[in-house]
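**Q** Sequence:
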Amino acid sequence: MSELTKQRRSKRALKKVTETAEALRKMIDRTRPLEEQLDRIRALLDEQLGHDEYFVLVDESGYGVVHTNRLREGRVFADPVGLAAARTNEPLLQVYERDTGEVLIDASCPFWTEPGGRRFNLRMGRLMHRPYLQWVLASVAIAPAAVGLAASIAGAPPVLAALCAALAGLGLGAAWHRAIAAELRHWYSVARTVSSGQLQTEVKTTGKRNEFHQIAYEINKMILGIRTIIHELGKAAKTVHDVSVEQQMEMRRLSESFDEIAAAVETFREGAKQQTTAVEQAGDVIGQMVERVQLMRAAVERVVRQAGDTWSSAAEGIRLIEETKTNMDAMQRGIGEMTALIDKAANEAARVHEMIAAIRTIAKQTNLLALNASIEAARAGEAGRGFSIVAQEVRKLAEDTNAFAAEIFASLDAMTNALKEAVHAMQGSGRHVEKTKDSLWKTGETFTSFQGMFAQLNDLLQQNESYVNDITADGEQLGGLMEDVRTVAADFSNMVQETAAGLEQQTLALHQLAREADTLAAAARDLEKMIARFHS
683 MSELTKQRRS KRALKKVTET AEALRKMIDR TRPLEEQLDR IRALLDEQLG
733 HDEYFVLVDE SGYGVVHTNR LREGRVFADP VGLAAARTNE PLLQVYERDT
783 GEVLIDASCP FWTEPGGRRF NLRMGRLMHR PYLQWVLASV AIAPAAVGLA
833 ASIAGAPPVL AALCAALAGL GLGAAWHRAI AAELRHWYSV ARTVSSGQLQ
883 TEVKTTGKRN EFHQIAYEIN KMILGIRTII HELGKAAKTV HDVSVEQQME
933 MRRLSESFDE IAAAVETFRE GAKQQTTAVE QAGDVIGQMV ERVQLMRAAV
983 ERVVRQAGDT WSSAAEGIRL IEETKTNMDA MQRGIGEMTA LIDKAANEAA
1033 RVHEMIAAIR TIAKQTNLLA LNASIEAARA GEAGRGFSIV AQEVRKLAED
1083 TNAFAAEIFA SLDAMTNALK EAVHAMQGSG RHVEKTKDSL WKTGETFTSF
1133 QGMFAQLNDL LQQNESYVND ITADGEQLGG LMEDVRTVAA DFSNMVQETA
1183 AGLEQQTLAL HQLAREADTL AAAARDLEKM IARFHS
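Residues in the sequence shown are numbered consecutively from 683, following the working numbering.
The hints are simulated quantities; they were obtained by calculation from the structure and are not laboratory data.
No incorrect hints appear here.
Derived PhoX-like pairs: lysine-lysine, alpha-carbon spacing no greater than 20 angstroms straight-line: (1) K698 x K708; (2) K708 x K697; (3) K1078 x K1046.
Listed next, with one range per pair, are the computed distances between beta-carbon atoms: (4) R694 x R714: 29 to 37 angstroms; (5) M1020 x D1095: 15 to 23 angstroms; (6) E729 x L842: 53 to 61 angstroms; (7) E729 x A832: 51 to 59 angstroms.
The beta-carbon is built from N, C-alpha and C at its ideal position, and this holds for glycine as well.
Given only the sequences and the hints, what does the whole structure look like? Please build it.
**A** See the structure below:
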């Protein structure tokens, strides 16, 4: 059959598919995917098909993206001819023995490559017929003339020659009529068999490649198409039946569910009314809470101010304690210095006491010497009288000195005792000052601790004040939200009522849909029964 590719009709087919591919390339928009332009491609291929068998646009895998025979569109042509046509990079002619028994010339050429790399080729099929009717007509016309001419040459009378020619024409015509009638009866029988539902039958077409017997191929293709349609329709009918049965069951469940939902919505409507009332009560409670929080905020602000004043007083107390501790330190140093001075004065008094004691000793000795001098002056008589007077004066001075020294000694003893008592008192004052300092240190530490606690308390109160402010703001915001919730609750209550009314209508519609589902299930069963009449 390789001679078929060398015929002029084959070459014209290759030229036609190349020109059609070029026309398609000019028509399509290269910026858009090919799948978005299939309708325009189908229209052009249908227009260009003419008397040829098919146009098919395939990708590299042989998948038929577009086919002029819509029953074959979407199939994968994985036979050797189909794969060679799908993968060729240049115009290609092949002999294609179709699964219907036909012999075609398959002309293919590259069409387009998408930006993503997917390649498409265009295929065209052209039937290659042998002469048949031409021979029938030629034989019916020429054979009688040839017989008459032969009879005339043989010397037969013209009437006999004409009779022979007529008999030859009638015989040949009867033979051709019988052959054509047999084919027609066979086609009629196949058509009757198909109409009775037996789709397994086909018209016998073995070795018959001509225009007359192309009708048989077309009948076979029609049977194949009906078989495919019935098969797909059977699958669709089964799917519809399964879906309708499932839908029927689901509609029943939904009807029951909608009835329950309707009852629940009615309960929900009553609950919505109660919820609206509860929201209003909650709004009132929140309003009271906000008022109390505002009172609490005022109280907290007062406590914060008092805590601040207390903290300031504690700081002032610490300052005064520090000042008092400084003064006590100065007092303690003054007491120490005074004690040292008193000790020094006591020491000096002791020295004066010793000096007075020495003076008394000297006065006693002077008095004794004056007494001796008076005695000696008395012995001397008148000559010692002046000396005696002097001696008496000296004695008297000595006695006076002794008496004065005694007084001074008594005063020094009193002063020494007083100084000792003063030293003891100063030492007691020092110890008291030391104790007072310890107490002040402890008091200062306590005040410092109080100040730290007041600082923490102040921080906590400020935090509480901040929290109270936040709570107040949140409460006010919550009050606004509750007002919104109250509005939403009212709207929601209205919506529930509207929903309940709409649900009643939906329930009625659902019951109607359930009845329609029953009707669909019955129609699907009838369709399955009708499809069961055909045997493919």
